[in-house]
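Assemble the complex: chain A is given as a structure, and chains B, C and D must be docked to it using the hints.
Residue numbers (the numbering used here), protein chains in the order written: chain A, 1250 to 1396; chain B, 1250 to 1396; chain C, 1250 to 1396; chain D, 1250 to 1396.
Misleading hints may appear alongside valid ones.
The list treats identical chains as interchangeable, and a pair is accepted whether it falls inside one copy or across any two copies.
[Claimed, not checked] Lysine-lysine pairs mimicking DSS-like chemistry, simulated, CA-CA at most 30 Å apart:
1. Lys1375 <-> Lys1252
2. Lys1326 <-> Lys1375
3. Lys1258 <-> Lys1375
Hints in this document: simulated from the structure, not taken from any laboratory.
Protein chains: 4
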Amino acid sequence: MTKRLPPAKRDDFGWFAGITLRWNDIDIFGHVNNARYYEFFDTTVVGFLHEADLGLGTGGAAMVVAENGCRFHREVKFTDTLEMGLRVEHIGTSSVRYGLAAFVNGESSAAADGYFIHVFVDPASKRPMPFSATVRNHLSSIQTDPA
Amino acid sequence: MTKRLPPAKRDDFGWFAGITLRWNDIDIFGHVNNARYYEFFDTTVVGFLHEADLGLGTGGAAMVVAENGCRFHREVKFTDTLEMGLRVEHIGTSSVRYGLAAFVNGESSAAADGYFIHVFVDPASKRPMPFSATVRNHLSSIQTDPA
Amino acid sequence: MTKRLPPAKRDDFGWFAGITLRWNDIDIFGHVNNARYYEFFDTTVVGFLHEADLGLGTGGAAMVVAENGCRFHREVKFTDTLEMGLRVEHIGTSSVRYGLAAFVNGESSAAADGYFIHVFVDPASKRPMPFSATVRNHLSSIQTDPA
Amino acid sequence: MTKRLPPAKRDDFGWFAGITLRWNDIDIFGHVNNARYYEFFDTTVVGFLHEADLGLGTGGAAMVVAENGCRFHREVKFTDTLEMGLRVEHIGTSSVRYGLAAFVNGESSAAADGYFIHVFVDPASKRPMPFSATVRNHLSSIQTDPA
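One chain only, chain A, in its complex shape (with noise of 0.2 Å):
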C-alpha cells in the first residue's frame, strides 16, 4: 500500500454543513461506522447545490455519483461536533469533483476526507448533460486547487 498523504486541513475548503450525529451512525466499536461517512458527503453536496436552487431533482437535472472515496483518520463519537467542508477540484463539461473532510470539535485537522466525483445527468435518458452556466457558477465560487 502507498504511502498515506497527511489529512486535510480545514483551511483548505471554502463550504461547510453543519450535520447532527445520530445514535444509529455508531457502530458496535463505538464509533460513527463508515458507510454513514457517505451519507455525510451526500447530504453536504446536495446541501451546497441546494442553495443556488438549481431546481435539481424536481424535473431540472438529476445526478449521479460515479465515484467515492474516504480515508478514515480518527474515531468519531455520538458527542462529537460534525461539520463537513466542501470544495470543488475539478470542472468538467457534465462531471465534477468534491472533496470533502469531516472535522470534529472544531478541529484544523480532519477526522476523514474524500473525494465524490458527481456526473450531471438527463433525468429522462440518464445521458450526461453539460452544466448549465447556473450550475458552473456556482462549482466555481467554491473551487480550489487541490494540494
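Positioned in the frame of chain A, the structure of chains B, C and D alone reads:
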C-alpha cells in the same frame, strides 16, 4: 381503524433537539422515509440522556427499546428544518415511556409524533435494572401529564 | 403501561420475505438497532406489493405510511437468519393495515412484531386514491383475521 | 480526471455473499443510493471474517476501516438481485486490502466495484495488532493478484 387523534403540539414538549436532515433520508417519493423517524427518536432520547452525563453505554447501564410507534401527519422534505420534541409520559421502576414529535420549520403542529419505551438493563445480564436516583431525576425533569 | 400481549406466532402470517442482515444494522449494544426493523417492515410490504407487478412507484400510485409501530421481544444478532412475516389485517377504501413480525433462525415466536398502515395516494395530488381491483385482490390474498 | 478502468469481472472474485435489497436503499432517483454500497462492503467483509469464527467484535480483535472507495457503473433497482464478490488484494502485518464488487442479476460485469482497507486493532488500546495465524490463513484463502 379507530379515529385518529390530532397531531401533537409544540407546547406539549419540554425538551428539543435540532436534527439536520440528510439527502439519504429522502426516499423515492421525495420525502423523509418513515424508518428514518425512528433514527430521530433514538437520537433525541439518547441526546437527552447524555445531557446528564449518565455514563450510559459505557458500563453504567444499557438501554433496550421495548416498543415504539409513530404517526405521520405531513411530508418532510430535505430542505425543511427539523426539531424534535421530547417529553416523559410515564416512569416505572426500570422502564420509561417517552413522547416524541417532529416539528418542521417552526410549525406548532407536529409533522409526525410517536412514543418510545426504554427499559434500562444490566449490560451483562440484560435483566431490567431499576433507575438510579440520578436517572430518575433527569427523566422527571421533562415529565408531563399525557393529554 | 398496559399489559403486553405475547409475541406473534409464525403460523399467523401468510407471506414471508427473507432479509439478509447487515453489519451496519448492529448498534453499540451488539444487536440490530430498533430503527432498522422499520426498514424490514417497509421492504417486506413493498416486496409483497411488487410481487403482483402493480406498477407502484412508477406512476400508477404512490404509498404513504400513515402510522407504524413495533414491539421488540428478543435481540437479533448479525449472524442470525431473519425472515419477515406479513399479513393484511384490515382493508379500507384507500388504506390497509398490515401485521408484520420478525422471525429469527426458524423460531415460531417473533423476535419483534408490529403493524404498518399504508395509504395509497395519487402521485400528483397526494390525495388518497381508492384501491384498484387488482390491488384489492392482491391485498386480500394474505388477509387474516387479527387475533 | 484519469481514464477509468473497466468494471470488475465476476471471475476475479473468490467469495460471494447474497444481500437482499431494501426499499430504503432506493433514493429519490429510483436507484440504490451510493452510501448503501458501503453497507454492502462492510457486511460482505464482516460476513467473510465471521465465517472462520474468528471471535471478532467479542474481545479478540476489533477492526477499523482505514480507507474505502467505490466506482458506480450501472444503476441498481429494488427488484434486482444483488451478490457481492470479495477478494483479498494485499495482506500486511495488521492491515488488509479487500477488493469488492456488486453483481446484479447474475451479470458478469460489476454494477459497482471498490476497495476497503481494514486495520486490525487491539480493542482496548486501539493500536494496530498483527494478524494471528488463523486470521492470516483465512484472509489468504481468497487472496488473488490484483489486475
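Here's how the hints hold up against the structure:
When the C-alpha separation of lysine 1375 and lysine 1252 is checked against a cutoff of 30 Å, the pair qualifies only between copies, where the shortest distance is 21 Å, while the shortest distance within a copy is 38 Å. Only between protomers do lysine 1326 and lysine 1375 lie at most 30 Å apart by alpha-carbon distance; the minimum there is 14 Å, versus 38 Å within a single protomer. Within a single copy, lysine 1258 and lysine 1375 get their C-alpha atoms only as close as 36 Å, which misses the 30 Å cut-off; across copies the closest is 24 Å, which meets it.
Every hint, counting from the list given before, is met by this structure.
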